[in-house]
Every structure is written in structure tokens, then in C-alpha cells.
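Numbering of the sequence shown is given in full-length UniProt numbering, commencing with residue 1 and proceeding in unit increments.
Treat the hints as calculated values from the structure; they're not laboratory data.
Hints are not guaranteed to be accurate.
[Said to hold, decoys possible] Here are the simulated distance ranges between beta carbons:
#1 E248 to G163: 11 to 21 Å
#2 K95 to F18: 20 to 30 Å
#3 E191 to K58: 33 to 43 Å
[Stated by the list, open to error] In silico BS3-like links for lysine-lysine, alpha-carbon gap of 30 Å or less:
#4 K265 to K172
#5 K172 to K151
#6 K184 to K95
#7 K172 to K336
#8 K155 to K229
#9 K154 to K96
#10 K58 to K214
#11 K154 to K214
#12 K179 to K286
#13 K82 to K130
#14 K172 to K58
#15 K84 to K95
#16 K347 to K363
#17 K84 to K247
#18 K247 to K309
#19 K286 to K247
#20 K96 to K147
#21 K247 to K213
#22 K309 to K336
In this text the structure is predicted, and so the values were computed from the model without any measurement.
Yeah, the Cβ is synthetic: ideal placement off N, Cα and C, and Gly gets one too.
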Amino acid sequence: MPKQKRARRSLVYGSNTFVSILVFLAILVFVALIAERHPLRVDLTDSGEFSLSEQSRKVVASLPEPVTIKAFFASASPEWLKTKDLLETYRYHNKKIRYEFVDPDRQPEIARQYEIRDYGTLVLEGFGRKETVLSPDEEAITNALLKLSRKEEKKIYFLTGHGERSLGEINKVGYSTVKSALEKENYAVDELNLMQREQVPEDAAVVVVAGPKKPLFPEEVASLEAYVKRGGKVVLFLDPGRDGGLKEFARSFGIDVGDDMVIDKLSRVFGGSYLMPVVTQYGGHKITDGFNVATFYSEARSVRPLEEKPEGVTVITLASTSENAWAETDLERLHKGEASFEEGQDKPGPVPLVVLAAVDSGKFSKVDTTEKPQGETGSAKASGHGEKDEDNVAHAAEAEPPMGYLVVAGDSDFVDNTHFGLSGNGDFFLNTVHFLAEEETLITIEPRKKEGQTLMLTQGQARLVFWVPLVLVPALVLIVGLGVYRVRRAQR
Numbered sequence: 001m002p003k004q005k006r007a008r009r010s011l012v013y014g015s016n017t018f019v020s021i022l023v024f025l026a027i028l029v030f031v032a033l034i035a036e037r038h039p040l041r042v043d044l045t046d047s048g049e050f051s052l053s054e055q056s057r058k059v060v061a062s063l064p065e066p067v068t069i070k071a072f073f074a075s076a077s078p079e080w081l082k083t084k085d086l087l088e089t090y091r092y093h094n095k096k097i098r099y100e101f102v103d104p105d106r107q108p109e110i111a112r113q114y115e116i117r118d119y120g121t122l123v124l125e126g127f128g129r130k131e132t133v134l135s136p137d138e139e140a141i142t143n144a145l146l147k148l149s150r151k152e153e154k155k156i157y158f159l160t161g162h163g164e165r166s167l168g169e170i171n172k173v174g175y176s177t178v179k180s181a182l183e184k185e186n187y188a189v190d191e192l193n194l195m196q197r198e199q200v201p202e203d204a205a206v207v208v209v210a211g212p213k214k215p216l217f218p219e220e221v222a223s224l225e226a227y228v229k230r231g232g233k234v235v236l237f238l239d240p241g242r243d244g245g246l247k248e249f250a251r252s253f254g255i256d257v258g259d260d261m262v263i264d265k266l267s268r269v270f271g272g273s274y275l276m277p278v279v280t281q282y283g284g285h286k287i288t289d290g291f292n293v294a295t296f297y298s299e300a301r302s303v304r305p306l307e308e309k310p311e312g313v314t315v316i317t318l319a320s321t322s323e324n325a326w327a328e329t330d331l332e333r334l335h336k337g338e339a340s341f342e343e344g345q346d347k348p349g350p351v352p353l354v355v356l357a358a359v360d361s362g363k364f365s366k367v368d369t370t371e372k373p374q375g376e377t378g379s380a381k382a383s384g385h386g387e388k389d390e391d392n393v394a395h396a397a398e399a400e401p402p403m404g405y406l407v408v409a410g411d412s413d414f415v416d417n418t419h420f421g422l423s424g425n426g427d428f429f430l431n432t433v434h435f436l437a438e439e440e441t442l443i444t445i446e447p448r449k450k451e452g453q454t455l456m457l458t459q460g461q462a463r464l465v466f467w468v469p470l471v472l473v474p475a476l477v478l479i480v481g482l483g484v485y486r487v488r489r490a491q492r
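With the sequences and hints as input, model every part of the structure.
Printed below as a string of C-alpha cells:
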């Protein structure tokens, strides 16, 4: 009997132990599944270094469709882990965001497919679109997600009817590369014939006039002028000797288009001709912020800010040649190959080639309501809408009018099919369009500041900090050690 009882007892205890182990493992699996599906992250840093800003969280939470992010990094890159932590934070807030890392050296076919030129590039795909991020930080990624999810598609119009560059031509002088690049940036590109319209369409984000060979009609110029004055954005590419009748239009906004051609000796260093000035000097503006790549302009004219500018207009030089260039005014000698710099006649470098005018549309849209006809004022009061009209006028006065912009470049060749991919030409053009279309930065996120905190101690606290870790703890360890030594010696 005792043996049977012991066997039964062992079986019971063994079964209980086995069941307890199974229950414990089941609890672990259950907790792991919950943690996998509902992870909990706590950022204990004071600056929130490992958290997304409130703006980013709202954008990420509102994504209705999946987004895939491909991160192109070298496997041993120190930025790889940092970017992975950031992308994992985005995924934590929305499981519809997925990411994968691609090493361009090990998978060059994928890098070619996505036209990757630099390490650290992110490509976001979703909503049937694609966005490329060159700087893998929170601000750039959040803005790219906003662009992907936005249903509105901004429209870029190219003027036609005067011998301008054609968007459909795939030859050397065509603009098919420009059209393709803009469409990759999620813009809608279309042609605009102002001879068939009374004004520039309301959905126009930017209007580009690229190298007109024939002058525009006065009505067309008036339409462009009215468009800029009501907050529109216009880009003019005017080749030497052909201003398309737009010279006075540019001058009315503080920009002088020169009757000359720029010669640059520095071009020989880059293997070009004297008639292809190289630009490495850029003005201080959002378009050129951080832009340090050379751009090339084939047979360009000078474009300068006027000394006396109209009221409400601010003019900024965006791109200038080096001091080795000059603007040649004697074009006949130039065509004969006899051109040389002549003091007092030619304009020395640096020669400005691209200029931007910012136009305060409020200066051109002010309406003097104090000189309304008596009958009109009386009828408004009689109809009972006088107070509402006054409220509308006051509300309109409080609203900030939009800024109009005019960008003038002295060359249309620099973004044709031959030169668009040359150095920074295409990037400079796209930067300009992004700024004018208000796409350069949708959300601004301040960088996290890692600041140390000063620890202020009283005199008593300072003494305590000194005596406890430096004196009392070592002394206590020494006393315990001596006591153990004495005890062991006494037991021998």
C-alpha cells in the first residue's frame, strides 16, 4: 500500500506540475500575442526624442490606405538603425505603414527601378502614387505621407501658341522630360492657350512660359499680369533676342531682362563653351536653401533686379554666375567670334540669370469703399443687407491676401531634354515649382532639443552625496570583509 500511495501521489504531483507548466506557457503565449497586436511604447526622454510630434500622429492616424516605404541604405550604414527606429515608430501608430530596407549595392536592379542616386533615400508608395524623400527625418516623411494621401492634384500650365517649347517633343529641344518629372511629383501638366481664354484658369498652381519665339498679344500679357496681381505664380524662360513681348511685363514687377548674352570663361573648366555659363552662387531663399549643386545655362541673357521697384514688390536674385563671366552687349561682334569684355559697355560678373519677384497682391486689390455711388449705398440699406455687406468687407480686410510670384530666367535650354539631367538643372527647376505651388513644406516640425538639466543641491545634500558613496559604503564593505575573515579564521 505505501508503494501504491507513493506512486499515486507522484502521479498526482507530476500531473499538477505538468498542467501548471502548460498553463504558464499558455499565459506567456497569450501575453506575447497581445503585445504583438497591441504593443505599448513609452518614451521616457524629456524631449520626446523617440516619439512623433502631434502633427505627425494626426497625419499617420488618418491614413485610410496602406503605404509601403522602401529605405535605400548600405547594410553597414550607421544611419540604418536610426532610420529603422523612426520607421518603426510610424508603424506603431498605424499598422497600414510597412517598410523594408534595400541595399543598393546588393540589389542594384531595385535601385535602378526607383532611380536611386544617393544612400539614405526613402521611396513611399501608396494611393497609386509615389513620393521620394532625400532626407530621412520626421518632417520629410510626414510631408510625403500628406502628399500621397491628398486627393487634390495641383495643375501646372505651359503656355502655347507662340513657338514655346513643346511638352510632347522627345527630341533634344523638347520638354517631354520636364513633363515626366512633374508628373512623377504628382502634378497634373497641361497646355494653356490664352488666345482662347479670357483669363488664366482658377485651378492653375503655376503658369510656365518657356522660350516664346513670337510676341504674346497684349490681351494675353494683361491676363498674366492680372493673374500675378491676384496671387498667381508665373515662370518666364526668355532666351537672348526673344522676349516674347514680355520685357515690359517683367519690368512692371521690378525685373530687367537684358539685351545681351552671358559669356563665362569658367565653363571651359567643365568642358563647355564660353556661351554656357555655370552657376554656383545662389541667393538666400527657400528655393535655394541647402542647394549647392552647379547649374548650366546654354546661351543665356542677364536678368537683373531693378534699382527702383514698384510698391509691394520684393525682388531676389536666385542664381548668378561667377566673377569670370560678363554680359556681352555687342551681339554682332559675338556672332563673329570677336567678343571681348569692354569696360563701361559690357556688364561684369557676377551676372544674375534667375530672379524672383514676390508681389503683395493686397497692394493691387484694394478697393476704396468710401467712394461708392450714392444710389448703390442707398439700395443696399433699403434691401436690408447693409450690415451684412459691411461685415463681409471687414472680414475680407482681415484676411491676408495671397502672395503672387514671378520668376524670370534668361534661358529656356537649361531644362530641355538635353540639359534637364545635367548636374543640378532639373533639381533647381523642381525646387522652383515646388515653392511656387506651395509644396516645398506642408508641415514644419521643430527638431528635438537635447538639453541637460542643472541639478541644484543644498550644502547638506552635497555633503550627503560625498559621504555616502565615497566614505560610508566603502567603509561598510571593508568592515563586512574583515568580519567574514575573522569568522572563517576562528572556525579553523
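Structure-based check of each hint:
| no. | hint | result |
| --- | --- | --- |
| 1 | E248 to G163: 11 to 21 Å | holds, 20 Å |
| 2 | K95 to F18: 20 to 30 Å | violated, 37 Å |
| 3 | E191 to K58: 33 to 43 Å | holds, 38 Å |
| 4 | K265 to K172 | holds, 25 Å |
| 5 | K172 to K151 | violated, 34 Å |
| 6 | K184 to K95 | holds, 26 Å |
| 7 | K172 to K336 | holds, 26 Å |
| 8 | K155 to K229 | holds, 19 Å |
| 9 | K154 to K96 | holds, 26 Å |
| 10 | K58 to K214 | violated, 51 Å |
| 11 | K154 to K214 | holds, 28 Å |
| 12 | K179 to K286 | holds, 23 Å |
| 13 | K82 to K130 | holds, 23 Å |
| 14 | K172 to K58 | violated, 46 Å |
| 15 | K84 to K95 | holds, 15 Å |
| 16 | K347 to K363 | violated, 33 Å |
| 17 | K84 to K247 | violated, 52 Å |
| 18 | K247 to K309 | holds, 15 Å |
| 19 | K286 to K247 | holds, 26 Å |
| 20 | K96 to K147 | holds, 16 Å |
| 21 | K247 to K213 | holds, 13 Å |
| 22 | K309 to K336 | violated, 37 Å |
In this structure, the hints that do not hold are numbers 2, 5, 10, 14, 16, 17 and 22, in rising order.
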